[in-house]
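Given these sequences and hints, build the entire structure.
Number of protein chains: 4
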Amino acid sequence: MGIRTKQQYLDSLRDQHPDVYMLGEKVDNIVDHPLFASSLNHMGQTFSLAHEPEFRDLVRIHSPLIDEEINLWSHIPQDSEPYLRKSKVLRKVSAERVCILRCLEPDALTPLWAVTYDIDKKHGTQYHEHLVEFVKRAQREDLMVSASVMDTKGDRSLRPGEGDADMYVRCVRREKDGIVVRGAKANTSGSPGVNQILVVPGGALKPEEKDYAVAFAIKPDTKGVKFICRPTTRPSQPRQIEKRMSSQFSHVESIVILDDVFVPWSDVFMCGETEFAGQLVSGFACTHRAAKCSCQPGHIDFLIGVAAAMADLNGVPKAPHIKDRITDMIMAAETGYSAAIRAAVDGWHHPSGVYFPNFLAANVGKYQSCSKISDEYAALQDIAGGLSVTAPTEKDWLNPELRPLLERYLQGKQGVPTEERFRMLKMVEDLTCSEFGGWFMGLSINAAGSPQAERVDVLRLYDVERSKKMARKMAEIVEKDDKKKK
Amino acid sequence: MGIRTKQQYLDSLRDQHPDVYMLGEKVDNIVDHPLFASSLNHMGQTFSLAHEPEFRDLVRIHSPLIDEEINLWSHIPQDSEPYLRKSKVLRKVSAERVCILRCLEPDALTPLWAVTYDIDKKHGTQYHEHLVEFVKRAQREDLMVSASVMDTKGDRSLRPGEGDADMYVRCVRREKDGIVVRGAKANTSGSPGVNQILVVPGGALKPEEKDYAVAFAIKPDTKGVKFICRPTTRPSQPRQIEKRMSSQFSHVESIVILDDVFVPWSDVFMCGETEFAGQLVSGFACTHRAAKCSCQPGHIDFLIGVAAAMADLNGVPKAPHIKDRITDMIMAAETGYSAAIRAAVDGWHHPSGVYFPNFLAANVGKYQSCSKISDEYAALQDIAGGLSVTAPTEKDWLNPELRPLLERYLQGKQGVPTEERFRMLKMVEDLTCSEFGGWFMGLSINAAGSPQAERVDVLRLYDVERSKKMARKMAEIVEKDDKKKK
Amino acid sequence: MGIRTKQQYLDSLRDQHPDVYMLGEKVDNIVDHPLFASSLNHMGQTFSLAHEPEFRDLVRIHSPLIDEEINLWSHIPQDSEPYLRKSKVLRKVSAERVCILRCLEPDALTPLWAVTYDIDKKHGTQYHEHLVEFVKRAQREDLMVSASVMDTKGDRSLRPGEGDADMYVRCVRREKDGIVVRGAKANTSGSPGVNQILVVPGGALKPEEKDYAVAFAIKPDTKGVKFICRPTTRPSQPRQIEKRMSSQFSHVESIVILDDVFVPWSDVFMCGETEFAGQLVSGFACTHRAAKCSCQPGHIDFLIGVAAAMADLNGVPKAPHIKDRITDMIMAAETGYSAAIRAAVDGWHHPSGVYFPNFLAANVGKYQSCSKISDEYAALQDIAGGLSVTAPTEKDWLNPELRPLLERYLQGKQGVPTEERFRMLKMVEDLTCSEFGGWFMGLSINAAGSPQAERVDVLRLYDVERSKKMARKMAEIVEKDDKKKK
Amino acid sequence: MGIRTKQQYLDSLRDQHPDVYMLGEKVDNIVDHPLFASSLNHMGQTFSLAHEPEFRDLVRIHSPLIDEEINLWSHIPQDSEPYLRKSKVLRKVSAERVCILRCLEPDALTPLWAVTYDIDKKHGTQYHEHLVEFVKRAQREDLMVSASVMDTKGDRSLRPGEGDADMYVRCVRREKDGIVVRGAKANTSGSPGVNQILVVPGGALKPEEKDYAVAFAIKPDTKGVKFICRPTTRPSQPRQIEKRMSSQFSHVESIVILDDVFVPWSDVFMCGETEFAGQLVSGFACTHRAAKCSCQPGHIDFLIGVAAAMADLNGVPKAPHIKDRITDMIMAAETGYSAAIRAAVDGWHHPSGVYFPNFLAANVGKYQSCSKISDEYAALQDIAGGLSVTAPTEKDWLNPELRPLLERYLQGKQGVPTEERFRMLKMVEDLTCSEFGGWFMGLSINAAGSPQAERVDVLRLYDVERSKKMARKMAEIVEKDDKKKK
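Chains as they are written, first to last, in our numbering: chain A, 1 to 486; chain R, 487 to 972; chain C, 973 to 1458; chain L, 1459 to 1944.
The set of hints was computed from the structure by calculation and includes no laboratory data. The reader is advised that the hints may include incorrect statements.
Claimed, not checked - Simulated pairs of lysine-lysine, DSSO-like, Cα-Cα distance not exceeding 30 Å:
| id | chain 1 | residue 1 | chain 2 | residue 2 |
| --- | --- | --- | --- | --- |
| 1 | L | 1580 | L | 1594 |
| 2 | L | 1938 | A | 323 |
| 3 | C | 1191 | R | 692 |
| 4 | C | 1060 | A | 323 |
| 5 | R | 578 | R | 809 |
Just so we're clear, the structure is a prediction, and the values are computed from it rather than from any experiment.
Right under this line is the structure:
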C-alpha cells in the first residue's frame, strides 16, 4: 500500500463510522462537516507533505522493520536522524499551518516499543509482539494514529480508584480473547478523524492500581466508543479579510468515552503491569515535549512575522521597544529549537533498540518556548496598537460608502496601500482577540503536560546529587565514606 | 435637574441622532440595538450607582461650583477625596461589571480645567470661562461626557502635518462664531452613546503645528460627525452557561470621523496654543492611568476568584504552584491599588485650584498592574487545565442523552455538582478563549497609553538629577560649582 | 531627659559592658572599635536627625503618653501620621546613609502594645502595664531599642521543642521575681550597641509550645547575654577613592546567646500565652515590612543615581537599553514607596488605640521592591561595563608613573576629568563587587522575613473568599444557602 | 615538542619578562606572585587536562595542519566534533574550577583563519599565510594564546578617531619590516601569563577608519607593552573554612597598553582592510558566546549543588519554593547547554574550510544562561537564609570557648555535624557576599559582549524577512512582484 495521499486518507475516513457528537448533535459524516474541515485539513497535511517537493525527502524514510520507504510519522527511531528531520518539518509546517497533530504517533509508539519490550522481558508476556505487528500495519498502510492519554481524573486530589472508579480508564474485565475497558480520555484533539487510537495510562501507578495499567489500540468506530466534540474555531470559512488563520487551522477537540469497550489481546500492550505505567507516560510526555520544542518555534516564527510586518505598516520598524519584543520572541523560538536539536543528538538508546531524545533538554525547551505564548500575544497587541481590538469590521471596509473613509483614516506607512495595514490588523485580531488565540494558548500551556509537570520533570531528570557532591567537596566537607577510608 | 437615573440617561440618548455605522450598516437607534446593549449598560451604571445603597454615598459629592450634590464623575477635584472615592468605586465595580467608561469624564475635565486656566493667563483668551460653563452644565444635567484623544496618526514616523494633513484632528478654518475641524479619532469606546465628546490633542506639539492644538466639545449628533463602530463582543445575550460575562460587559468601539465639523467658540477650549498641548495630553493620560490603577485591580480580583474557585472545583486548592500564580495576581492587583491610593494622597494642586494625582505613582501602578493581564489569562488556563479550551459546548451539556456522560466524566471535587465545574470552565473559556478576552487584554495594554508611553513618562517624571547628585557626592566627585566656591 | 544627641547616645554605650566577641576575640569597648564604627554611626544617625534642619520637624513628635516631644522612633502610632513621616525620613536617609536600624523600635513596640493589651484582656495579666512603663522610659530617655526575633531554629523541619529544646528561645524557669530564659537569636543587626533589646517569638506557636511564648526586654549587658558578632564590612576606613560607601555604612551582625538569663517580671511582656505569638510576630513582620517599603526605595534612588551618572560618564546616557534598566529601577522604588504610603493611610486601629499599617500592601510592596536588588546590581555592572570589575586599583591610580596612562585610557565622556569616571567605576565596584553588596542583598532578601514568608502572608491577607463569591455569582452557580432560601 | 605539562607552561613564563604593574607596584616575577597564583592555576589547567584520565581523550585531537596530536585549544575546527568536545570539557571543568580562559584561543583563531583567507582573496595579501604559520607554531609548541579585543573606547558616543585618536588600538606607522601600533585594550583577563596575545579590532569599522583595522600577535614582553593589573580576589590562600573557592579561582584582570609597539609583518593578520573588521569581531564574539553556553552551565551546576546541599543542611530540601528556585537554575544551565550543542551541530562551513558554530543559537544561549547569574546568587541567599551574610567568622568557630556555642546554635539538620552547615554557609558567603561573586557576575554579564550586544546580534541573525513574508501571505497581502506577474 505504502505512503498515502491526503485523498486516500480522507477516503479511509469515509469507511469509518465513529459515534460522534458536536454542538449537542450527532455527526454522521465528519469528512464533509464544515466544523471538522480544518482539523482534517491539518491531519491530512501529514500525507500531503510526503508529496510536496519541499518536504518529500524529509518525511519519507526507510523502515528496517518492513524494509520499505514509509512516512516519517510511523517510523520507530533508531537514532537521532528521524528526530532531526521531524524538527525541521515541524518548525516549517507549524509556522504556516499551525499543527499537524500526527507527531503523537511516533511519540506514543516509541515509548510503547520500549515499555512492551521491558514488560515482556520481566513478565514473559507478548505485548511487544503485539506492538510490532501493530507498527508494521501502521507503516504499511500509512495509518494516522493518535494517542489518548489524559484521564478525566475527577477530583484531582484522589488517586485512581479512590472516588468514582471510572475517572481513569481501566480494565473492568479480562476475557479469553481480550479485555473490556471503561472510562474516558480528555483533550484528545482530532481523534474521531484518525485510523487508530492508542490509549495509554495518564500517570504513574501504584501496585494496587492494577486495573488502571492498561494500554491498547482501538479504531474510532469500535463499539462502545463515543466522542463528544468541541468544534473547530468558527467561522469555518475565512471571510474576505478577517479570520484568515483561525478558520483554516484549528482542531476539533474531544472527550473519548469508552463504555465497556472490548479490545482483543492482539491490540493490548499493557494490562496490569503497574510498575511500567510511569515509564510509559513519562516516555510519551518527554518525547512529545521534544516535538513541541520544534513546532512552537514555528508558530513563534509566524508571530514574529506578524509583529514585524505590523511595525513596518505602522511606520515604526526601528522603535527600540518593538525590536525588544521581537528579540524576545526570537529568543523563545530559538531556545525551543536548540533544545529540540540537542534532545535529538544528545539522546539515548533503549535496550529494545529504539532511540529516545534527551528528556531533560526536551522538558526545559518545551517550558521555555511555550510558556511565553501569552506574552507574545500581548506583544502583538502592543506593537499593533489599540486598533487591533477596536478597528471596524471588514463589513465596514467592504461598504463602498465607508471604504474611502477607512482607506484614509486607517492608513499607516506612507505609500503603502491601507488595505495591507487593515489586513495585518485583522491578522493580529485573529491571533489575539479570538477563540483561536485562546485555544492556541491552551495548547501551548497544557498540551504534552502542564508547565508544572515539566518543572517537576526537570528537577527529577537533572542529577542534583552530582552537583551536591561537587559543592560539598569544594567546601571541604568530609563525607562519611571518605572518613571510613582514612 | 440633578443626578439622573439610568433610564433618564438612556432616554436622553433617544433624543440624539448620531450618524452611526456598524458591521457595514447604518444604525438608526443605538438604544435598542442588541450590539450596543452591553456598552450602554456599562455606561448606564454610572447613573445606577448613584441610586445603589452600596455606592450612593461614594458617588454623590457636593460641587462647590454649582453648590449642589452632583455625580462624582462630573466633579472637578480640589483635593484627594474624590480620587479616593473613585478608587473604591472603580475597584468594586470593575470586579463585577468590567468597566464604567465614565472615568474619562473627570480625567479629561481636570487637566482641561488647569490648562485653560494657564492659557488664558498667558494669552488673555477665554477658554477657561468656556470650560467652567461647560462643566456647570455637565454637573447640573449629569451629562455623560467622553474624551476622544488618540489621533489616527497614519505613518507613525511622521509628525502632524507631515504626510496627509488630516491624520491628526485639526482646525481647518477659524470663523467668526467658531471653528471648523477635520480629522478622526480612534479607540473612542462607546462614544456614540454619550451626551458630549471632548476632543483633545493626542500628543505634545511643536510651534509650527498650530492647527493641531485644538480642544473642544461636541454632541455626538453634530453635523459632520460620523462613527464607524466595532460591535460589542458577541453573542449579545448570555447563553445558559456560556458567555455569561462577555455577553454582558464589553464596549462598542469606534472611530469618530470629523468631516469639517463646526464648533462654536463657546465649546472651544484651545485653538493654536501649541505649547499647552503636551501639558493637556499628559495631564489626561496620567490622571486616567491613576484611574486604571483602581479598575484593573478590580478585574484581577475577579480573575483571582475564578482561579481560586477553579482550583477548588478541581480538588487542588493547595497545590503550591497554583497558590503561587494566585499570589502573583494578588501582587499585581495590590500594586496597582497602592499606586492609586498614593497617587490620590500624594498629589499636587494646580494654581487653578484643581488637584491632580501623583503622576509618577500613577504611571508605575498602571504599568505594573496592567501589563500582566496576559500572564493572568495564561494562569487561569494553567489552573483550569486543558478542558478550559477543549470541553464540549453547553449544547452537549443540555442534550439529555449526553448530559449524564458529561455529568460523570467532567466531575471534579467530590461531592460537588459537576455543573459547578462545567460553569467555571466555561467562565475561564469566556475570559481567556474568546473575543472578549482579547479585547480586554487590548484595553489593559493600550488604553490610557501604551506600556512604552508609561515607561517614557516614568523616566521623565522621576528626578534622576537628584539621584545622580547623591551618587556623585558619595563618590566624592567635586562638582564644578563646589570647586569655584573654594 | 528628652531627645538625645548622637554623642549622648554614644556616651550611654560607654556605661554598658556587654559580653561581645568578634573575629574570635573579646571586644571590651565597642564604641571605639573600628569594626563597630559604621554600625554605631548608622544607629547614631537616629539621634542626629533630630537635630538636622532637614529632618528635625519630621522626627520630633508629641507623645500623648508622656506629654512631651519625643523622637519619632519611640512613638506609638495612633494614626497614619507617624508612618507617613517615617516613610519620608527612611527613603531620604537610606538613599545616602543606607540604614538607620532604629525603625525596629516602633515596629516591635507597636504590635507588643496591641498584643499585651489583648492578652491582659483575656488572661487578666499585667503585661500591658509593664510595656506602657517600658515605653514611657524609652520615650523619656530616648532609648535605642532593637528587636531580636529570628530563632536559630536548627533543623527547620522541626517545631520548637522537637529536637534540641534550645533552638528557640524559651522560658526555662518561672521564679517569683521573674523568669529565666535560654536560647539564641540570630540576625540581630547592631544589637550590642543598643540600650534595650526586645526579645519576641519568631513564629506562631501551638498550645503545647508554651515555654516558647515568651517576650521580654533586656539590656545588652545583662548577665548571661553574649554576642558573637560578624564585623562590619572592611576596610573600616574609606580609601582615597575606593570603598567610599562600604567602609562607612554597614552593620555589625550578631548572634545573641541567652545563657539562663534572668528577666524581672516588669520586663516580661508575654509568658506562656501561645495563642498570641502568631499575632505578635506577624504584627512585627508586617509593620517592619511597611518600613522596608520606604527604605529600600531610598537605596534604589541611590543606585539609580550611580547608574545614570555612570551612563553619563561613559557618554551614553540615552542608550535605550540603559534607559530601560533605569526605568525598571524607578518602577521598583516607586512601587515600594506607593505601598508604604497606602499602608500608612489605609491602615487599621487596634482596640488598644494603636494604629497599624495595611499589612497586605506592606507585604506586596516589600516583596516587589526588595526582590529585585540582585537585578539592580547586575544592571549597574551592565551599564558600567566590564571595567567595574576589571579596572586597576586606586594604588595604580595614585602611582605617578601609571596615573597619566590611566588618565588617558580610562577616559570616558569628552571634556570630563577621567577621575570622575574612575571614581564612579569604583562606586559600582563597591556596591556590586564587594562584601558590602552581598551583605546588602542579604538584607534586602531576608530582613523582615524571606520572600516566601511575604508571599505566604500576601495570600493569607487577601480576601480570596470574596473573590470566589463574585466568580461563582457571575458563573451563575447557585450557592447552597441561596438554594435553601428559595 | 607537542602537548605540554602545566609545569612546562609555567616554566615558559619564567623566560618571559613582561612589564607588569599591580596594586601600584612593578611585578618582576608573576609566576611566584601570590596574587597571580589562581590566575596561572586556571590557565595551567588547560595543560593538566591533557594528562588527566577524565579529560585526556577529550582534549587531545589530531591536527591535519601539522599531522600531530595537539591540544584541543589550538585546534582549528573543520567540523562539529571539536565544539562538542569543548562543550563537555568546559561544562565539567567550569563547575569545579570556574574558568580555563584558554577557550579564547580557538575562538579568536577560527574567525581569524576565515577572515585572513577572505582578505587575501580580495586584496591579494598574505595574511592567511602568516596566520597558518602562527597556528602551526601554536600547535607544535602548545602555546597559551589569548585575545585582546575590547578597546578602551573613551566616550562611547564617538567613533574611532573622533576625539582622542588612541582610544582604539591603531596602526600609527607602516614600516618596511612591520607596523607600529598604539592604544590599549581592556578586560584582558590573565594576559601577562600567556605566550602570545592576539590583538584584534573591537568592532565593525567604516572605510575612513583604516588605521583601526589592525590585527596581529605579540608576545607579552614585547617592547612597549605594559600591563596594569587588577589582582585576583583576595585572600590568595584559602582560610580553614572561609574563602575556599574565591581564593583558588579567579583571574588577574588587566589593561594592556601598547606604547608604539613594533610588530613584524609575519605577525600581522590585518592592516587597513576595514570591511573585514566587523566579520572578524562578530566571528570572535559569536564563537566565544558559544563557548560560554557551556561554561556558564558548569558554574550553575555548582551553584545548584550549593543550593541543594544548603537546603538539605537546613532540613528543608522539599520546600516547594526552594525546589522552584533550583528548577529555575537547572533551566538556565540546560538552556545554555542545549544552545551549545545545537550551535555545534547546526553550524556552517566557511570557504576556507573552518567550521563555525550556529551564531544565532550561540547568542540566544549565552544571553539566556548568563543573564540570570544575579538571580541565582539571590536564590542562594534566599535558600541559605540570613546567616549567609550574618554568621560569625571562622575565627569565632576556631575559638575553643565560642566553638561549643556555635556548634550548638548554628546546628541545622538533625544528626548532621554543625560544621557541615557552617562550611556550606561560608561557601554561600564566598559566592554571594564577596568580591569574587561580584567579579564572576561581571564576567557573566560582560565577557564575550554585553547582554545588549547579544540582543542586537539575535535580531540581526534571525531571518525576520522570511517570517514577514509568511505573515503577509497568510493575511493575503498581494506582493508587488506577484501583482506584476499577474
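Verification of the hints:
1. Using a Cα cut-off of 30 Å, the hinted pair residue 1580(L) and residue 1594(L) holds, with the two alpha carbons roughly 24 Å apart.
2. Restraint check for residue 1938(L) and residue 323(A): satisfied, since their Cα atoms lie roughly 26 Å apart, inside the 30 Å limit.
3. For the hint pairing residue 1191(C) with residue 692(R), the CA-to-CA distance comes to about 67 Å; that exceeds 30 Å, so the pair is violated.
4. For the hint pairing residue 1060(C) with residue 323(A), the CA-to-CA distance comes to about 39 Å; that exceeds 30 Å, so the pair is violated.
5. Between residue 578(R) and residue 809(R), the direct Cα distance comes to roughly 23 Å. Compliance with the 30 Å bound is thereby established for this hinted pair.
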